[in-house]
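Make the full structure from the sequences, and use the hints.
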Amino acid sequence: MGEMLQYVGSLFSGGVIFLMLITFFAGIGETAVTQTFSTTVQENFVSATENIERDFRGIGYGVTDSIGVLLADSSRLIYRTDLGDDGVIDTIMYELGPLLSWGGGNPRARILYRSVNGAPPIPVATGVTEFTLQYFDSAGTPALADKDVRALHVAMTLESDTHIEGGYPGVYWHRTVKPKNLR
Amino acid sequence: MSGRALIVVIVGIITISSTIFLQITGASKDISANTDRAYMRHAALNIAQSAVNVAIRRLTDQPWWRSGVPQMDLLGGKASIALVETTYNGASAIEILSTGTMGVGTPDEHTERAAAFVRNGYIPLAVKAALTTTHMAYPQAGFVLDGRDHNADGTLRIPGGTGTLAVWTLKGYNQTTGATVGGTLNGIDYVPSMPASPNVIQTFQTWPGGYPSSPDSLLTALGFSIPEGTLEAVAKSGAGGSQYVTNPVLLNYPLRGVTYVELPDHGMWDAATITGEGILIVHNEDRNAILSNVNNGPFVGFLIGDEIVHINCTIIGAIVSMGGHEDDIVNGPGQLLFSNEAISRFTGLVARGLGDKRGTVGGVLAWKE
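Protein chains in written order, with the working numbering: chain A, 54 to 236; chain B, 6 to 374.
Since the hints were derived computationally from the structure, they do not count as laboratory data. These figures come from a predicted structure and were not determined experimentally. There's no promise every hint is true.
DEER-style ranges, computed between Cβ atoms [claimed, not checked]: (1) T167/B with N97/A: 56 to 64 Å; (2) N104/A with A38/B: 15 to 23 Å; (3) D118/A with N301/B: 44 to 52 Å; (4) G193/A with T160/B: 49 to 57 Å; (5) T160/B with V141/A: 39 to 47 Å.
Ideal Cβ placement from N, Cα and C applies to all residues, glycine included.
And the structure:
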């Protein structure tokens, strides 16, 4: 009888410990997966934001008239700059694409496109769930006209296409850019 | 479970846990590295942009500065500055190129570049000769009037051919014994002589649209002009040692930057000392301010006056007078040596003191990052 009790007790204790271990490994495994996807999203994000910021800082470079910004919209920006530093003014467009229609993946994900001189747009960032532009004049108040734009605030969220328990890992970034050639 | 089996199980647990933890910390390290990289990039860019601003400030004090800075400490990193004379949209410009580096010598080292184009000096359209005047020109008594190009130190520029006429005037010309006059026409230098070669003297000229009537209008260049009142404003600002006075007794020497002496109606600055450099203006609204017996120099730069009488010192640059009366000019024992370099140094100072039409500061035409 005593031995039976020992066996039962051992079995119970072992089972509890085994469950704890399983839960522990499952938890850290999930953390590892989340970290991995977050790192991937962040790497894509850093690359995209570096390019966007560099582009926006160059708005108006080489433009001799006062027309640096052609269209200032909340999700689209068209501006002029001498991209190749060759004396020829180029027209650059940034635009947030429509919601992706295929099944699966992140249902809120979109693609941020960039186009130069009317060429077919190319993606600069995928998994964009938010891309918002705000424009300000020289006084720091919202610009009333495209020609009054002296600074712009960009906010962007990138998310992973893979759903992890709790949601889609993502990164949020916002920055105010004051192109010196517009001032 | 036997002791050995238990050891095996525990070692297995430790191994698996360690592997997973390593994976987590590795991902965390990558995330931190991205953040660190973004910081280094922005810090390096701040350094590069700040270095450009340092260069713009230095050009205000030293318009002739072109040597740059090979390396300097700035904002926790290193910066370098180089200057290149070039053009921007057809305008004479200086390109300031800077690099900013964070984490020098470390694995995290990151370098960013910035550049700006600022206005360079230029020769105003009003400078048609070493002496451009509304008056009769009377070189005499040992005066040397040389329109050939000279360096800012007064030495003749070699190779030659880049100078200008000796005299351009709305009136006549009379060179007397003792004075020697020379200049450049169509790339050919004429050594100062008595009498001067007629090729370097142009008399009874006309100025389409009328002779300029203000100092600011004399600084107009092709496609570029300065608003009326700019020279006075620069002088009053004190930029680069500039001065504005209504009594020349109050001047500080040596003259630097833009020196604006506004005299009363028919006012005279006699026995003048003009030692220094820059743009010197002696003028009033009625264009009858008199600069007389200019005894003490040398002056390097651009002299603008209403009536200029008896120059007895060395002037390296150019003179433009715009007075309405026929007074003598350049009839002292001094010398006027034309110098593109001297004029450009200080017209650049004025040009950089202006914003462009979009209001950028420091005369910056464009930023490139």
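- Hint by hint, which ones does the structure fall short of? none
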